[in-house]
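Chemist: Residues per chain are reported as follows:
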Amino acid sequence: MRVKHLLLLLLCAVCVSCLKEELNTNPYKTTTPFDLNDGTETTSLTRAGIDSTALAAVYNEVDNAEELYPIRSLLVYRGNKLASEAYFQDATDIENQRIIWSCTKQFVGVLVGMALEKGLIEDINDPISKYLADEIKEYPDKADIRIVDLLNMRSGIGFSNDGVSGNTDKILREQPDDITKYILSQPMKYEPGTHFNYNDGDPQLLSAIIQKAAGKPLDEWADEVLFRKIGFENYTWVRYRDNVSLGGFGLKTSPRELGKFGNLVANYGKHNDIPIVDSLWIAKMWEPQIHGFEDFSFGYQWWFNTKHNWSIAWGHGGQFIFIIPEKDLVVVVTSIHNTQGNHQIIADEMIPYLNKITSACN
Amino acid sequence: MPAVVHLYPLKFLNHYRMSQLALMKFLFTLFQLFMSGKFGGVVLLLLMSSYVSSAQSEHSTSFQHEKYFGYTLGFIQIKDAYNYGLVFNGGQPGFSFSQCWKDVKSLKGLNHEISIAITTSRRMIGASFRIRPLRYFNQKLVWESLSENGNQQKFFIGAYANWEYHYQLYPELQSGHPYWFSYLDIGPSVLYQIENDKHALQLSGFSSVLALCSRTEAGLHEYFYHTSFTDVVTDLHSNLSIGALGKRHMGFQAQWNKKKRERTRLFYRLEMYSYKEDPALNYVNHSIGIKKRLKK
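Going down the list, the sequences are from chains C and R.
Numbering-wise, the first sequence is residues -4 to 357 according to our numbering.
Numbering-wise, the second sequence is residues 211 to 506 according to our numbering.
The hints are simulated quantities; they were obtained by calculation from the structure and are not laboratory data.
Be aware that a few hints might be false.
Stated by the list, open to error - For lysine to aspartate or glutamate, the following DMTMM-like pairs were computed, each having C-alpha atoms within a straight-line distance of at most 25 Å: (1) Lys165/C / Glu354/R; (2) Lys364/R / Glu405/R; (3) Lys486/R / Glu16/C; (4) Lys211/C / Glu117/C; (5) Lys125/C / Asp173/C; (6) Lys279/C / Glu112/C; (7) Lys176/C / Glu432/R; (8) Lys364/R / Glu354/R; (9) Lys502/R / Glu382/R; (10) Lys350/R / Glu276/R; (11) Lys408/R / Asp313/R; (12) Lys176/C / Glu130/C; (13) Lys184/C / Glu130/C; (14) Lys468/R / Glu432/R; (15) Lys165/C / Glu382/R; (16) Lys15/C / Asp488/R; (17) Lys211/C / Glu432/R; (18) Lys15/C / Glu382/R; (19) Lys76/C / Glu289/C; (20) Lys15/C / Glu487/R; (21) Lys184/C / Asp157/C; (22) Lys469/R / Asp407/R; (23) Lys486/R / Glu321/C; (24) Lys486/R / Glu17/C; (25) Lys176/C / Asp139/C; (26) Lys165/C / Glu487/R; (27) Lys165/C / Glu432/R; (28) Lys125/C / Glu17/C; (29) Lys207/C / Asp139/C; (30) Lys211/C / Asp118/C.
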């Protein structure tokens, strides 16, 4: 009898002490957009021509899909207006600035076009030595790299994003004193313009080039020429300790701000019918140039889904802007940012849900 | 009805007045070391170990001294705000070495423990290391009875001091960034013991009243990070903070052995740690274990 009592006591102790998962601390209650007076224009699903039942089913599926648990937000814009939004883990994410990793590259892509338009960069076929003359003196083997090679990740520099032995890890730990020279000091692996190597070094050099040409860090210049004009305000663009804006990653912002940027690009550079970015540059930026990733291709710092004709901003962990011209849709997805391997959300996983969203649109 | 009952007033405090003064001085030295930054932990470990071992040697002649080697198999749960509310569960095998000094009216002990756990959450793998450089307890007999059926019961009250480090790694969730938390806690402890000629059972519990805790300053929402494996040694006390209610460590242990095989003891232990400040942490450890008294 005593043993039974003891076992019962132990069982109680085990049950009482069990911890419960609380992934959604403050989950969404509605998908109707809030009016925050943050420059985001909202609309109803009816006005947007979206089947509310079908869309609600998509939100439900995303919320309950086991493999999509890292997703934090899903926003659907139609005709530049926010038609629905949900913050699955924490409702305060509506305004929280979070890491968007490589979606920063897509901002850099747009800004290179603006630098070209404003004459900071003369031609994308210019060698980088024209803009980084002092640095290239130290690393002459990089003299033949062109700006266009950086835009489509074909610089040939042996920069690796991967693992603790990779170059990105060194930058994240702020080990090099000079981020530009650190990238240029890496050995050449290929001839410039011949091999695609998705990496954080090439867009970082683009940031350094614009900074040199503009005489101010890229984030400061971007604020003047782009962000203020589209009401993109809730963000932090991190600089390296040598005062160069990060280029391969570095932006922290909210899903709604991503929506503003996504809609600008979806409208070929126009904001409220005012041209901000050259529409020809946007078209060029999306042109598939690097193939070989099944249905995905890479342009000037932008991803493109060739099967569906979608342009995609894609950041590690599951940060996305999907531009779906066929239905005048922009879909923003953000996720837990530090997941690795199978636990990060990749664009392929989102395709079935995006197809359902497009089907819900008239 | 118990045949014999003795009640011992808490006179032992007078007996240990000098030791307490020494302890106060020692704690003040520790505090200064904590604040001195890097390698404070290592120095602390050496000092505390030397203090306790010298304290024990004073009484080693009058006390019965026992040494145990133990093996534990634990089940742990870690819910860390750094992990977005995910709960990591896992097995935690470990080893311990403990010593016990006892006489008729008191019980003192030291425990050192190390364990490693592989934890999972949603098919994500994590690792957790636990190092307890030292746990010290000192308990006095306050009540005992001998019943007619031969059951002898004893009740001890005392205090404990515990010192331990936990190190965590989540390669698939936190890009392999290391996290730690450490506890240096003190509080009351109690022990109830019942034995007859066949079995002996001990039930004990403790709860911290004051804890010095350290958590990684991870900067989870920043791009740059500067923690590394070596920080576990050098920066363990970098953000040490003191607390009572917001930093709790509680535990319960049931230990049983057959009188015929007195050297072998089985036990179940439940320990709970909580850290209420942001980033909050909850850690639960259920362990079953076996420990063997070493021959003299």
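Chemist: Now tell me if each hint is right for this structure.
Modeler: Now for the hints, and whether the structure bears them out:
1. For the proposed pair Lys165/C and Glu354/R, the alpha carbon gap of about 64 Å is over 25 Å, so the pair is violated.
2. The hinted pair formed by Lys364/R and Glu405/R meets the criterion: a straight-line CA distance of about 9 Å does not exceed 25 Å.
3. This hinted pair checks out: Lys486/R and Glu16/C have alpha carbons roughly 16 Å apart, not beyond 25 Å.
4. Proximity of Lys211/C to Glu117/C is assessed by CA-CA distance (about 18 Å); at most 25 Å being required, the pair is judged to hold.
5. Distance hint between Lys125/C and Asp173/C is fulfilled; the C-alpha atoms sit about 19 Å from each other, no more than 25 Å.
6. With a CA separation close to 13 Å, the supplied pair Lys279/C and Glu112/C stays within the 25 Å bound.
7. Among the hinted pairs, Lys176/C with Glu432/R is consistent with the structure: their alpha-carbon atoms are about 23 Å apart, no more than 25 Å.
8. Between the alpha carbons of Lys364/R and Glu354/R the distance comes to roughly 4 Å, so the proposed pair stays at or under 25 Å and holds.
9. Distance hint between Lys502/R and Glu382/R is unfulfilled; the C-alpha atoms sit about 38 Å from each other, more than 25 Å.
10. This hinted pair checks out: Lys350/R and Glu276/R have alpha carbons roughly 17 Å apart, not beyond 25 Å.
11. This hinted pair checks out: Lys408/R and Asp313/R have alpha carbons roughly 22 Å apart, not beyond 25 Å.
12. Of the pairs offered as hints, the one joining Lys176/C and Glu130/C holds, with about 6 Å between alpha carbons and a cut-off of 25 Å not exceeded.
13. Between Lys184/C and Glu130/C the alpha-carbon distance is near 19 Å, which keeps this suggested pair within the 25 Å criterion.
14. Distance check on the hinted pair: Lys468/R and Glu432/R sit about 56 Å apart at the alpha-carbon level, beyond 25 Å; violated.
15. Our distance criterion of 25 Å between C-alpha atoms is met by Lys165/C and Glu382/R, whose separation comes to about 19 Å.
16. For the hint linking Lys15/C to Asp488/R, the alpha-carbon distance of about 18 Å falls within 25 Å, and the restraint holds.
17. Distance restraint check for Lys211/C and Glu432/R: the Cα-Cα separation of roughly 23 Å lies within the 25 Å cut-off, and the hinted pair is therefore satisfied.
18. Pair hint Lys15/C plus Glu382/R holds up; C-alpha atoms about 21 Å apart against a cutoff of 25 Å.
19. Distance hint between Lys76/C and Glu289/C is unfulfilled; the C-alpha atoms sit about 32 Å from each other, more than 25 Å.
20. Of the pairs offered as hints, the one joining Lys15/C and Glu487/R holds, with about 18 Å between alpha carbons and a cut-off of 25 Å not exceeded.
21. Using a Cα cut-off of 25 Å, the hinted pair Lys184/C and Asp157/C holds, with the two alpha carbons roughly 16 Å apart.
22. Restraint check for Lys469/R and Asp407/R: satisfied, since their Cα atoms lie roughly 6 Å apart, inside the 25 Å limit.
23. Under the criterion of a C-alpha separation no larger than 25 Å, the hint pairing Lys486/R with Glu321/C is inconsistent with the structure, at around 50 Å.
24. The suggested pairing of Lys486/R with Glu17/C holds, with an alpha-carbon distance near 15 Å, which does not exceed 25 Å.
25. Straight-line distance between C-alpha atoms of Lys176/C and Asp139/C comes to about 16 Å, which keeps the hinted pair within the 25 Å bound.
26. A threshold of 25 Å between alpha carbons decides the hint, and for Lys165/C with Glu487/R the separation of about 31 Å lies outside it, so the pair is violated.
27. The hinted pair formed by Lys165/C and Glu432/R meets the criterion: a straight-line CA distance of about 15 Å does not exceed 25 Å.
28. A threshold of 25 Å between alpha carbons decides the hint, and for Lys125/C with Glu17/C the separation of about 54 Å lies outside it, so the pair is violated.
29. Proposed proximity of Lys207/C and Asp139/C is supported: the alpha carbons are some 18 Å apart, at most 25 Å.
30. For the suggested pair Lys211/C and Asp118/C, the alpha carbons sit about 20 Å apart, so the restraint of at most 25 Å is met.
When the structure is compared with the earlier hints, violations turn up for hints 1, 9, 14, 19, 23, 26 and 28 and for no others.
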